[in-house]
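In order, the protein sequence lines correspond to chains C and S.
Offset between the first sequence (1-based) and this note's numbering: plus 394.
Offset between the second sequence (1-based) and this note's numbering: plus 128.
For the record, the hints were derived by calculation from the structure and aren't laboratory data.
Just so it is clear, the structure is predicted and the values come from calculations on it, not from any experiment.
Virtual Cβ for every residue (Gly too), placed ideally from N, Cα, C.
Hints are supplied without guarantee of correctness; some may be wrong.
With a straight-line Cα cutoff of 27 Å, these simulated DSSO-like cross-link-like pairs (lysine-lysine) come out [said to hold, decoys possible]:
(1) S:Lys297 with C:Lys439
(2) S:Lys230 with S:Lys403
(3) S:Lys289 with S:Lys465
(4) S:Lys289 with S:Lys386
(5) S:Lys481 with C:Lys439
(6) S:Lys419 with S:Lys443
Example chain S residues on the side facing chain C (calculated, C-beta under 7 Å, incomplete) [claimed, not checked]:
(7) Ser201
(8) Asp304
(9) Phe346
(10) Asn357
(11) Gly358
(12) Ala469
(13) Asn476
(14) Lys483
(15) Gln484
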Amino acid sequence: MVFFFAIPNLYMLFISFMQVGGYGGVVYHVTLSNYGLLFHWIEFKVIADSLLFALLVTLFCLGVGYPFAYIIATAPPRKKIVLLFLVIVPFWTSSLIRTFAMMFLIGTEGFINSVLLSLHLIHQPLDMLYTLGATYVGQFYSMLPYMILPLYASLQGIMDHPEYMEAARDLGAGARKTFWRVVAPLSIPGIATGSLLVFIPTLGTFFIPLLMGGGGVVLVGNFIENQFLAADNWPFGAAASALVIAITLLLIGFGSRYMNNAFLEEGK
Amino acid sequence: MRLSMMSAALGTVLLATTLAGCGTSSTPSAAGNAHTISPVLDVGNFAAYLPHEILHQFEKKYHVHINYSTYPSNAELLAKMQAGQEFDVAVASDYMVQTMTKMGLLDKLNFSDIPNFKNIAPAFRNLPFDPHSVYSIPYLWGTVPIAVNTHAVHVPVTGYKSLLNPVFKNNLVMVDSPRTLVGIALMMNGHNLNDTQTSALNQAANTLDQFRPQVKVFNSNDPHVDLLNGEATAGIVWSGEGALAYSQDPWIVPVFPKSGVNRWFDNFIIPSSSKARYTAELFINFLLTPKISAELENAEEYSDPDTAANPYIQKSLLTNPWLNPPQWVITQGEVMKAIPATGNEQFNNIWEKFKQS
Numbered sequence: 395m396v397f398f399f400a401i402p403n404l405y406m407l408f409i410s411f412m413q414v415g416g417y418g419g420v421v422y423h424v425t426l427s428n429y430g431l432l433f434h435w436i437e438f439k440v441i442a443d444s445l446l447f448a449l450l451v452t453l454f455c456l457g458v459g460y461p462f463a464y465i466i467a468t469a470p471p472r473k474k475i476v477l478l479f480l481v482i483v484p485f486w487t488s489s490l491i492r493t494f495a496m497m498f499l500i501g502t503e504g505f506i507n508s509v510l511l512s513l514h515l516i517h518q519p520l521d522m523l524y525t526l527g528a529t530y531v532g533q534f535y536s537m538l539p540y541m542i543l544p545l546y547a548s549l550q551g552i553m554d555h556p557e558y559m560e561a562a563r564d565l566g567a568g569a570r571k572t573f574w575r576v577v578a579p580l581s582i583p584g585i586a587t588g589s590l591l592v593f594i595p596t597l598g599t600f601f602i603p604l605l606m607g608g609g610g611v612v613l614v615g616n617f618i619e620n621q622f623l624a625a626d627n628w629p630f631g632a633a634a635s636a637l638v639i640a641i642t643l644l645l646i647g648f649g650s651r652y653m654n655n656a657f658l659e660e661g662k
Numbered sequence: 129m130r131l132s133m134m135s136a137a138l139g140t141v142l143l144a145t146t147l148a149g150c151g152t153s154s155t156p157s158a159a160g161n162a163h164t165i166s167p168v169l170d171v172g173n174f175a176a177y178l179p180h181e182i183l184h185q186f187e188k189k190y191h192v193h194i195n196y197s198t199y200p201s202n203a204e205l206l207a208k209m210q211a212g213q214e215f216d217v218a219v220a221s222d223y224m225v226q227t228m229t230k231m232g233l234l235d236k237l238n239f240s241d242i243p244n245f246k247n248i249a250p251a252f253r254n255l256p257f258d259p260h261s262v263y264s265i266p267y268l269w270g271t272v273p274i275a276v277n278t279h280a281v282h283v284p285v286t287g288y289k290s291l292l293n294p295v296f297k298n299n300l301v302m303v304d305s306p307r308t309l310v311g312i313a314l315m316m317n318g319h320n321l322n323d324t325q326t327s328a329l330n331q332a333a334n335t336l337d338q339f340r341p342q343v344k345v346f347n348s349n350d351p352h353v354d355l356l357n358g359e360a361t362a363g364i365v366w367s368g369e370g371a372l373a374y375s376q377d378p379w380i381v382p383v384f385p386k387s388g389v390n391r392w393f394d395n396f397i398i399p400s401s402s403k404a405r406y407t408a409e410l411f412i413n414f415l416l417t418p419k420i421s422a423e424l425e426n427a428e429e430y431s432d433p434d435t436a437a438n439p440y441i442q443k444s445l446l447t448n449p450w451l452n453p454p455q456w457v458i459t460q461g462e463v464m465k466a467i468p469a470t471g472n473e474q475f476n477n478i479w480e481k482f483k484q485s
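Work the whole structure out from these sequences, hints included.
In structure tokens, the structure reads:
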């Protein structure tokens with residue numbers, strides 16, 4: 395942990411307080427200016443856009459993932475295995491390869507456009523690839539399993555205790571009320587874990603906006619990559635990543651309150 | 129546990145970008161052991177830019193083991209060298225050669241060990257970034273012209289402004305490179321592509337803004353794919369990418385605008401930390417042998433400054449318009465020079481703003 399986590403991160407933090415050299419590179423003079431630059435309009439907009447992007451992707455994943463996880467958790471055993479398998483198989487494929495496959499599907503001369511054109515449903519190919527919408531779809535698709543699996547684990551834990559639901563029903567609650575008053579609150583740890591697992595990587599994503607958004611969608615991950623590789627301004631890139639890590643740590647601190655306590659509280 | 133796994137994953141990713149930076153600055157140049165061949169040679173190059181077959185031939189001929197490592201960009205090469213990674217010989221682009229020279233990272237080449245330098249045509253010597261051909265020898269070169277799919281588009285394209293035609297709306301592919309595209313906007317306004325004066329850059333930024341609605345995709349890695357699969361009907365791309373598109377679809381042709389074309393060079397350099405200078409020079413000399421140089425061009429499809437290699441180069445490459453621009457481009461195409469970090473920052477700001485608008 396010290397070698398793989400602490401040292402690189404501390405080094406980045408250190409770099410973020412240094413100056414950029416006359417022709418790139420790092421000059422070891424202490425400065426706060428890299429952090430000041432983050433509040434310029436372009437940089438601020440990139441960070442705001444990224445937060446919004448991560449939030450919406452998380453909500454989409456939650457909206458689709460929750461019903462799906464619920465269906466798995468309540469399915470009969472054989473069907474459950476099939477459904478879980480459907481979630482896990484894409485997990486085994488590199489998300490980069492899945493992204494290229496999606497690019498093939500939605501391209502101007504891609505599979506979807508070819509089918510729609512040959513069925514005469516459209517006369518002009520639809521512009522799907524290299525749009526903001528494509529970036530959302532790509533990120534949503536690659537993140538969905540990270541939402542479903544913790545939700546499933548959480549819901550399965552609840553379903554393993556049918557007495558909770560029975561108690562609610564005995565006390566006169568209908569199916570809907572049972573869900574909202576018993577199942578949903580008990581599944582909060584799953585929601586918190588899944589949301590963090592989706593939100594955090596999405597906040598730092600860079601290859602999906604690059605490939606699906608055609609480079610015109612600039613999120614903070616792309617911005618950082620650009621500072622390191624194209625602009626050759628490591629200190630500024632390091633300051634931007636320090637900010638992202640700070641946001642991440644805050645969220646983890648906040649989210650961890652909800653991640654495992656609920657059941658423990660229940661047991662007390 | 130989930131959390132610690134997550135942080136480990138995060139750490140690994142960060143480490144990959146950081147590890148290179150953990151060392152100290154490069155060691156001073158070691159005694160060059162004149163004219164003894166080192167058993168090991170550390171060669172650095174851009175990724176996918178040299179067929180391994182050529183490396184094996186050199187290894188066999190001189191009984192040298194080559195450690196071959198690659199980097200995706202000039203900036204990363206510089207970062208690696210600053211972090212202390214030692215290359216005996218490497219390949220860097222035009223402006224980076226000059227940056228490294230200014231930073232004192234390069235050794236002068238010993239041309240008496242590189243007799244095949246005579247094969248480099250005069251047009252490719254004494255280039256602006258190394259005006260007396262002291263630190264570098266061109267490896268491959270190319271241009272950044274306009275690409276037009278003349279099968280899909282029937283309007284005349286003569287210069288960059290032609291791309292503002294409404295038929296190209298949301299239909300262009302552009303390489304994602306601030307120096308290249310802001311440089312083109314500078315040339316459109318009659319400035320040099322290395323100009324860092326604020327007034328010139330402001331003009332360039334305004335010019336560039338007109339193009340934003342036309343751009344569908346920024347792609348530096350494989351823009352030929354966007355040209356071939358119909359995502360873009362025109363664009364501004366590396367000549368090698370255009371050549372690749374042309375070889376599959378000869379309707380995709382280059383246009384070299386009179387207002388100015390960027391011509392770029394990737395060059396052999398010997399870092400001052402090199403411990404095998406003589407072997408590095410043998411390696412450069414070997415790659416400049418006409419047959420080997422031709423083998424390189426045949427595989428990589430860029431233009432070869434080693435004109436003695438022409439008899440061995442595939443005919444399809446010698447007739448590819450992307451790789452054989454008109455003479456005026458060869459002599460007058462503008463070449464990138466090193467610009468200070470403050471200038472670089474301005475180029476980047478213009479570019480980031482442009483992409484996001």
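The hints, checked one at a time:
1. S:Lys297 with C:Lys439: With a Cα-Cα distance of about 25 Å, the restraint between S:Lys297 and C:Lys439 holds, given a limit of 27 Å.
2. S:Lys230 with S:Lys403: With Cα atoms ~21 Å apart, S:Lys230 and S:Lys403 stay inside 27 Å; holds.
3. S:Lys289 with S:Lys465: 25 Å, holds
4. S:Lys289 with S:Lys386: 11 Å, holds
5. S:Lys481 with C:Lys439: 10 Å, holds
6. S:Lys419 with S:Lys443: 14 Å, holds
7. Ser201: 5 Å, holds
8. Asp304: 5 Å, holds
9. Phe346: 3 Å, holds
10. Asn357: Because about 5 Å separates S:Asn357 from the closest Cβ in chain C, which is inside the 7 Å limit, the hint holds.
11. Gly358: 4 Å, holds
12. Ala469: With a minimum Cβ separation of about 5 Å from chain C (threshold 7 Å), the hint on S:Ala469 holds.
13. Asn476: 4 Å, holds
14. Lys483: Since the shortest Cβ distance to chain C is 6 Å, the answer is holds.
15. Gln484: Holds. Min distance 5 Å.
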